[in-house]
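Residue numbers (numbering that gives the first Met the number 0), protein chains in the order written: chain A, 0 to 254; chain B, 0 to 328.
For the record, the hints were derived by calculation from the structure and aren't laboratory data.
A hint or two may mislead.
[Claimed, not checked] Which residues of chain A face chain B? A few of them, derived with a C-beta cut under 7 Å, are:
1. L188
2. R221
3. E222
4. I226
[Claimed, not checked] Sample of chain B residues with no beta-carbon within 10 Å of chain A, all distances over it, derived:
5. A21
6. G220
7. K246
8. A265
9. A275
10. Y305
[What the hints assert, rightly or not] Pulled from the structure, derived: some chain A residues nowhere near chain B, Cβ distances all over 10 Å:
11. L22
12. K57
13. S58
14. F124
15. N129
16. M147
17. F160
18. K203
19. F223
20. E238
21. A245
For every residue, glycine included, the Cβ atom is placed at its ideal position computed from N, Cα and C.
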Amino acid sequence: MTEDTKIGGASGRFPATHWSAVLAARSDDPAERSRALEAIAAAYWKPIYKYVRIRWGKSNEDAKDLTQDFFAKLFEKEYLDDFDPAKARLRTFLRICADRFVANEAKAAKRLKRGGGATHASLDFDAAENELQRADHDMQLAASSESMDDFLEKEFIRSLFGIAVDKLRRECESRGKLIHFRLFEIYDLEADGARKASYAELAKEFQIAPTDVTNHLAFARREFRRIALDCLREMTASEDEFRREARALLGVVPE
Amino acid sequence: MNWLSDEAIARLQAASALPDLAGTRYRLIERVGSGGMGTVYLAEDSVLGRRVALKVIDLPELRADLSARLLREAQILARLEHPGIVPVHDAGTLADGRVFYAMKFVEGERLDMLAKRIEALPDRLRVFQRICEAVAFAHAHGILHRDLKPENVMVGPFGEVLVMDWGVAKILREDPAQRGDRAGIPVENSQDAPAETKPLRTAHGTILGTAGYMAPEQARGEIDRLDERADIYSLGAILVFLVSGKKPAPKAVLAISQKAMAEDRANRYASVSDLASDTARYLDGSPVSAYPENVFHKVARWTTRYRVAIGLVLAYLIVRALLLFWLRR
Numbered sequence: 000m001t002e003d004t005k006i007g008g009a010s011g012r013f014p015a016t017h018w019s020a021v022l023a024a025r026s027d028d029p030a031e032r033s034r035a036l037e038a039i040a041a042a043y044w045k046p047i048y049k050y051v052r053i054r055w056g057k058s059n060e061d062a063k064d065l066t067q068d069f070f071a072k073l074f075e076k077e078y079l080d081d082f083d084p085a086k087a088r089l090r091t092f093l094r095i096c097a098d099r100f101v102a103n104e105a106k107a108a109k110r111l112k113r114g115g116g117a118t119h120a121s122l123d124f125d126a127a128e129n130e131l132q133r134a135d136h137d138m139q140l141a142a143s144s145e146s147m148d149d150f151l152e153k154e155f156i157r158s159l160f161g162i163a164v165d166k167l168r169r170e171c172e173s174r175g176k177l178i179h180f181r182l183f184e185i186y187d188l189e190a191d192g193a194r195k196a197s198y199a200e201l202a203k204e205f206q207i208a209p210t211d212v213t214n215h216l217a218f219a220r221r222e223f224r225r226i227a228l229d230c231l232r233e234m235t236a237s238e239d240e241f242r243r244e245a246r247a248l249l250g251v252v253p254e
Numbered sequence: 000m001n002w003l004s005d006e007a008i009a010r011l012q013a014a015s016a017l018p019d020l021a022g023t024r025y026r027l028i029e030r031v032g033s034g035g036m037g038t039v040y041l042a043e044d045s046v047l048g049r050r051v052a053l054k055v056i057d058l059p060e061l062r063a064d065l066s067a068r069l070l071r072e073a074q075i076l077a078r079l080e081h082p083g084i085v086p087v088h089d090a091g092t093l094a095d096g097r098v099f100y101a102m103k104f105v106e107g108e109r110l111d112m113l114a115k116r117i118e119a120l121p122d123r124l125r126v127f128q129r130i131c132e133a134v135a136f137a138h139a140h141g142i143l144h145r146d147l148k149p150e151n152v153m154v155g156p157f158g159e160v161l162v163m164d165w166g167v168a169k170i171l172r173e174d175p176a177q178r179g180d181r182a183g184i185p186v187e188n189s190q191d192a193p194a195e196t197k198p199l200r201t202a203h204g205t206i207l208g209t210a211g212y213m214a215p216e217q218a219r220g221e222i223d224r225l226d227e228r229a230d231i232y233s234l235g236a237i238l239v240f241l242v243s244g245k246k247p248a249p250k251a252v253l254a255i256s257q258k259a260m261a262e263d264r265a266n267r268y269a270s271v272s273d274l275a276s277d278t279a280r281y282l283d284g285s286p287v288s289a290y291p292e293n294v295f296h297k298v299a300r301w302t303t304r305y306r307v308a309i310g311l312v313l314a315y316l317i318v319r320a321l322l323l324f325w326l327r328r
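Pulled out of the complex, with its shape left as it was, chain A reads as follows (with noise of 0.2 Å):
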């Protein structure tokens, strides 16, 4: 019982096995750090971006042009280098260098577009709008009774387990088990307000075993959990904050 386990690695230290972008963004090695702040893009434009929307209520085309730009910003002025993970969470260190950067935007009143291009991640806005009007009222709500920090969190828990979902499909296609993938889909992501299909209606459907449904869906969640697990690892900096984070991406609250 001393062997470091799988996920947690060595008891107190941070695991060098597992990539962390949040160190590699303060990398000398240029490719290192334009991969690591690429990483860290792709898992918080969609909440900066939202949370633009919401917390400074700007229109939808203001707030394009403010996300990219402090994600460009970021990138260029090195901010990272200022973040201390013992101090605070990435989340909220981006969240108050997106207030900083929105306000000083205000007061210049004009904003200038930084180099197109600079962040390599792209950016589907268009998807993000949608979003925040697919949930809107839920939004207009969450906005009014939670912290900004509570509502980011919750979109930065969309966002990573987005691309845990995307990580999963395309690994299920790649060793041929995209059965796994399409009952994991339609029995953890589609169900919204509609009655669940059986295990055997599942069978029936897609002409396989009932015990292969659950085993099959079973393993789609043990990866699931896996690859989300390997993303927000990267986007943490110590053992400690990855356990902090993972009690809340994956909502596990003690009584």
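Place chain B on chain A using the hints.
For chain B alone, kept in the frame of chain A given last:
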């Protein structure tokens, strides 16, 4: 990437947090509760066809030291075969890397919730005695509980009392009865003990135990000094909890709790058996060692103890006197 609704996120969170029981004999039924060390689930043992409780370490807490501590708790429970201590059936590691152990599923109620419905003081004291018996048994096997409190006591539907949650227990000495071929559990009294066997402080540096029920030396973090008297202090605090209510507690009972909770552990009961014996003496109407009596107290206790006989004698004398009075008239 498809948009994930709040409901989908909740389902993904629930599915991700659940233990992966693939390849085990257990089928998950529902989540029962959680604590500092992990979450307890109700499951079915598909081989034996019975319900069990699975204690599983939470995924975010999947660290070598906590895994070791959970396994250690299972080993301690396995050592303590007593009607007042929940029996452990199985332990191992799940497919997702989480350590778990299976134990009897206790369908009872926590003492902190139940106590207010136990009306009579003697009934409360009998529950307290059952707790003392389980703890005394553990002490006899060289194990301190270190987190005794009403929340860690379950009372079953047939009045059975079980002491739960041995996650921060301390092994004072190797149990002679367990020596032999079986691997021992690391004894936690050495400066050289590995970090995994020094669980008194959590990763956040907080002292394990519960304020209000923790002995002063435990609250001060004097790990190496802890002995049976730390649990005796906690038992005294449980006794206070049990006798606190609308009616003032009898002075003798309060004296028992005060002796158990003495600031200086040298002034506490030397053993849980002594504490239980004093409680039994109170229930029996005999003098308790913690409460020196004057003449009036003795008379009051004596009359209480023999109130039925005294009543009968008094009734006899009154009838006799009335009879004599009537015959002489």
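Each hint, compared with the structure:
About 5 Å separates the beta-carbon of L188(A) from the nearest beta-carbon of chain B, less than 7 Å, and the hint is met. The restraint placing R221(A) at the interface with chain B holds, with a minimum CB-CB distance near 6 Å, inside the 7 Å limit. At about 11 Å, the closest approach between the beta carbon of E222(A) and any beta carbon in chain B exceeds 7 Å, and the interface hint on this residue is violated. Contact between I226(A) and chain B, as hinted, is not supported at the beta carbon level, the nearest pair being about 10 Å apart and thus beyond 7 Å.
Against chain A, the non-interface label of A21(B) is violated: not every CB pair exceeds 10 Å, the least being about 5 Å. Taking the minimum C-beta to C-beta distance to chain A, about 19 Å, the non-interface status of G220(B) holds against the 10 Å cut. For K246(B), the non-interface assignment is confirmed: its Cβ lies about 32 Å from the closest Cβ of chain A, beyond the 10 Å cut-off. Separation of A265(B) from chain A is adequate, the least Cβ-Cβ distance of about 37 Å exceeding the 10 Å criterion.
The beta carbon of A275(B) sits about 31 Å from the closest Cβ of chain A, which is more than 10 Å, so the claim that it is off the interface holds. No Cβ of chain A approaches the Cβ of Y305(B) within 10 Å, the least distance being about 49 Å, so the stated non-interface status holds. Once the 10 Å rule is applied to beta carbons, L22(A) is consistent with being away from chain B; the minimum gap is 20 Å. For K57(A), the non-interface assignment is confirmed: its Cβ lies about 21 Å from the closest Cβ of chain B, beyond the 10 Å cut-off.
Here S58(A) stays apart from chain B, with its beta-carbon at least about 21 Å from theirs, past the 10 Å limit. Remark: the non-interface label on F124(A) is consistent with the geometry, its nearest Cβ contact in chain B lying 13 Å away (cut-off 10 Å). With 10 Å as the threshold on Cβ separation, the claim that N129(A) sits away from chain B is violated: the shortest Cβ distance comes to roughly 7 Å. Chain B leaves M147(A) outside its interface by the beta-carbon criterion, the shortest separation being 17 Å against a cut-off of 10 Å.
F160(A), annotated as away from the interface, has a beta carbon of chain B within 10 Å; the closest lies near 6 Å. Residue placement check: K203(A) keeps its beta carbon more than 10 Å from all beta carbons of chain B (closest about 22 Å). Distance check for F223(A) against chain B: the nearest CB is about 7 Å away, which does not clear 10 Å, and the non-interface claim fails. Against the 10 Å criterion, E238(A) falls within the reach of chain B, whose nearest CB is about 8 Å from its own CB.
Listed as a non-interface residue, A245(A) fails to keep its Cβ farther than 10 Å from every Cβ of chain B; the least gap is roughly 4 Å.
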